[in-house]
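Asks: So the chains spell out like this:
Number of protein chains: 2
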Amino acid sequence: MEGESTRVMMGVNESMIKGYPHESISSRGAFEWTLQKIICSNTSGFKLLFLHVQAPDKDGFDDMDSVYASPDDFKSLRQRDKARGIHLLECFVNRCHEIGVQCEAWIKKGDPKEVICHEVKRVRPNLLIVGSRGLGPF
Amino acid sequence: MEGESTRVMMGVNESMIKGYPHESISSRGAFEWTLQKIICSNTSGFKLLFLHVQAPDKDGFDDMDSVYASPDDFKSLRQRDKARGIHLLECFVNRCHEIGVQCEAWIKKGDPKEVICHEVKRVRPNLLIVGSRGLGPF
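Just so you know, the sequences run in chain order A and B.
Each residue of the first sequence is one higher than the last, beginning at 1 in this note's numbering.
Each residue of the second sequence is one higher than the last, beginning at 1 in this note's numbering.
Keep in mind that the hints were calculated from the coordinates and are not lab data.
Given the structure is predicted, the values throughout are model-derived calculations rather than measurements.
Among the hints, erroneous ones may be present.
Claimed, not checked - Some chain A residues well away from chain B (every beta-carbon gap over 10 Å; in silico): (1) Trp-33; (2) Ala-55; (3) Asp-72; (4) Phe-92; (5) Ile-107; (6) Lys-108; (7) Lys-109.
As the list claims (entries may be wrong) - Simulated pairs of lysine to aspartate or glutamate, EDC-like, Cα-Cα distance not exceeding 16 Å: (8) Lys-37/B with Glu-4/A; (9) Lys-47/B with Glu-104/B; (10) Lys-37/A with Asp-81/B; (11) Lys-108/A with Glu-119/A; (12) Lys-82/A with Asp-72/A; (13) Lys-109/A with Glu-14/A.
The beta-carbon is built from N, C-alpha and C at its ideal position, and this holds for glycine as well.
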């Protein structure tokens, strides 16, 4: 029953309450569940692929107090968003490193449900895991 | 990351072509996938729960040549169906026994999709796995 490691893609996002770099409760739950119920002690048998999708800020509410005076202001805004996303992923990658599970992590922009499906087709993981958003199993 | 074993429920059915006690291609595929990609070498970390749902024979075609002369004939028919289902499950249980994975198996009657959902709520496994019926991942 040995073979290539099992590639598990996880969609992760930031906490709605605490914001970056904190992970959402459901991302944390999905990650912990994966460690405890799928990977268990077999840390060398799995590779985790963390995907963080950043949706365009629809109402711009987060940036109400920002002043944009030049194209560079938008550029720096996008860079800041990306930096925050990277910080979120860093937390997951560090955790994997501590426990000895191989991983990769990357950021994409767009509508999360569409991007996740697109990335699953592109990367073809063995398993996709996403949080339950507090909905519970039933 | 150690703890209670992960309980994986699998819906399994018989081959449409070869009939009982042979498992369907998708049941076999789902079982092999679970062994190779989820359980891997961690045979003591998982418990497999095999559920086989027997749907009532809608058109009775399989029994066109049977003659029913008494209530006992129907009883023996039901017993025969159950015996076939048990034989199917025996194959999965034997395989688990060979490789050292804990398991349980049982039969229910009814509409498979309804019975599977009902049993998931009752048994509350950590994971439900069903075959893809040859549809493939995409």
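Asks: Hint by hint, say whether it matches the structure.
Replies: A quick look at each hint next to the structure:
no.: 1; hint: Trp-33; verdict: violated (8 Å)
no.: 2; hint: Ala-55; verdict: holds (23 Å)
no.: 3; hint: Asp-72; verdict: holds (41 Å)
no.: 4; hint: Phe-92; verdict: holds (15 Å)
no.: 5; hint: Ile-107; verdict: holds (23 Å)
no.: 6; hint: Lys-108; verdict: holds (18 Å)
no.: 7; hint: Lys-109; verdict: holds (23 Å)
no.: 8; hint: Lys-37/B with Glu-4/A; verdict: holds (9 Å)
no.: 9; hint: Lys-47/B with Glu-104/B; verdict: holds (8 Å)
no.: 10; hint: Lys-37/A with Asp-81/B; verdict: violated (35 Å)
no.: 11; hint: Lys-108/A with Glu-119/A; verdict: holds (9 Å)
no.: 12; hint: Lys-82/A with Asp-72/A; verdict: holds (15 Å)
no.: 13; hint: Lys-109/A with Glu-14/A; verdict: holds (14 Å)
Against the hints set out earlier in the document, violations occur for numbers 1 and 10.
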